[in-house]
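*Asks:* Sequence:
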Amino acid sequence: MQKKAETSVPIHPILTERWSPRSFDPTALISTEDMTALLEAARWAASSYNFQPWRFIISRRGDETFQKICEAISGFNQVWAPNASALVAVIVEQKTEGHIYPPIALFDTGLAVSQLTIEAHHRGFIVHQMIGFDKEKMNKTFDISGQRDCIVVLAIGRQGPAENLPEGQAREREVLPRERFPLSDLIISGDL
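The numbering of the sequence shown is the numbering used here, which starts it at 4 and goes up by one.
Please keep in mind that the hints were generated in silico from the structure rather than gathered at the bench.
Among these hints, one or two may not hold up.
In silico EDC-like cross-links for lysine to aspartate or glutamate, where the CA-CA straight-line distance does not exceed 20 Å [unchecked claim]: (1) K71 <-> E175; (2) K143 <-> D66; (3) K6 <-> E166; (4) K140 <-> D152; (5) K138 <-> D152; (6) K71 <-> D137; (7) K7 <-> E20; (8) K6 <-> E20; (9) K143 <-> E67; (10) K98 <-> D152; (11) K98 <-> E175; (12) K6 <-> E175; (13) K71 <-> E182; (14) K71 <-> D152; (15) K6 <-> D146; (16) K6 <-> E36; (17) K7 <-> E122; (18) K7 <-> E139; (19) K140 <-> E96; (20) K140 <-> D66; (21) K140 <-> D28; (22) K140 <-> E74; (23) K6 <-> E182; (24) K7 <-> E182; (25) K138 <-> E74; (26) K143 <-> E96; (27) K143 <-> E74; (28) K138 <-> E67; (29) K138 <-> E166.
Construct the entire structure; sequences and hints are all you get.
*Replies:* Structure representation (structure tokens):
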């Protein structure tokens with residue numbers, strides 16, 4: 004299922020075609036080469052002062068780490084996320100070399116996740132970013148403390164049909180058209 008973005012001017016197809024499906028092919032796997040490429044894309048994201056505050060907990064369906072991440076996922080994400088080929092917990096390091104910079108650390112980590120997501124799409128994978136997880140449980144399970152914090156979990160895999168999802172909220176969202184605010188609503192000041 005494709006849901007191409009309707010843009011006001013043409014942009015790169017990899018951006019118009021990317022979206023966040025919830026229906027994963029439960030038989031698909033992700034190779035070490037593909038996972039490495041996704042993480043390399045993240046590694047080379049722009050970074051303020053080159054602090055590179057992003058860290059990852061990597062798991063593949065069937066391994067112990069995957070199960071632990073699944074146990075921390077909450078709400079209706081539990082319905083579909085276990086079908087992903089991989090779950091990656093994204094950790095932000097908010098203090099490095101004596102510098103405390105939470106807003107910039109979050110921004111930079113978002114850039115890294117964005118690059119990972121685009122590389123995944125380029126390789127035929129889908130990525131769904133989730134904030135629906137028990138942060139306290141995740142941090143405790145993986146001994147994440149101090150200046151580190153788990154901020155998002157990425158479900159990565161090959162797309163499955165919407166019918167793979169049980170009837171209800173997840174399937175309904177899967178088939179809805181993509182929406183964004185008009186560009187004019189996003190510009191606070193200045194003219195195009």
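*Asks:* K140 and D152 were given as a pair; does the straight-line alpha-carbon distance stay at or below 20 Å?
*Replies:* holds, 12 Å
*Asks:* For a C-alpha distance cap of 20 Å, please report whether K140 and E74 respect it.
*Replies:* With a Cα-Cα distance of about 9 Å, the restraint between K140 and E74 holds, given a limit of 20 Å.
*Asks:* CA of K138 to CA of E166, is that 20 Å or under?
*Replies:* violated, 30 Å
*Asks:* Are the Cα atoms of K6 and E166 separated by 20 Å or less?
*Replies:* Between K6 and E166 the Cα gap is close to 16 Å, so the pair holds against 20 Å.
*Asks:* For K143 and E74, compute the direct alpha-carbon distance and say whether it is at most 20 Å.
*Replies:* holds, 12 Å
*Asks:* Is the straight-line distance between the alpha-carbon of K6 and that of E36 20 Å or less?
*Replies:* violated, 28 Å
*Asks:* Can the restraint linking K98 and E175 be considered satisfied, given a maximum Cα separation of 20 Å?
*Replies:* At roughly 41 Å apart (the allowed maximum being 20 Å), E175 and K98 break the hint.
*Asks:* Measure nothing beyond the straight line between the CA atoms of K71 and E175; if it is 20 Å or shorter, mark the hint as holding.
*Replies:* It is violated: about 28 Å lies between the C-alpha atoms, which goes past 20 Å.
*Asks:* For a C-alpha distance cap of 20 Å, please report whether K71 and D137 respect it.
*Replies:* holds, 11 Å
*Asks:* Sort out whether E122 lies within 20 Å of K7, counting only the CA atoms.
*Replies:* Since the Cα atoms of K7 and E122 sit roughly 17 Å apart, the hinted pair holds (cutoff 20 Å).
*Asks:* For the pair we were handed, K7 and E20, check the Cα-Cα distance against 20 Å.
*Replies:* Cα-Cα ~5 Å, so holds.
*Asks:* Please work out if K140 and D28 have their alpha carbons no farther apart than 20 Å.
*Replies:* violated, 27 Å
Of the numbered hints given earlier, the model fails hints 1, 11, 13, 15, 16, 18, 21 and 29; all others are met.
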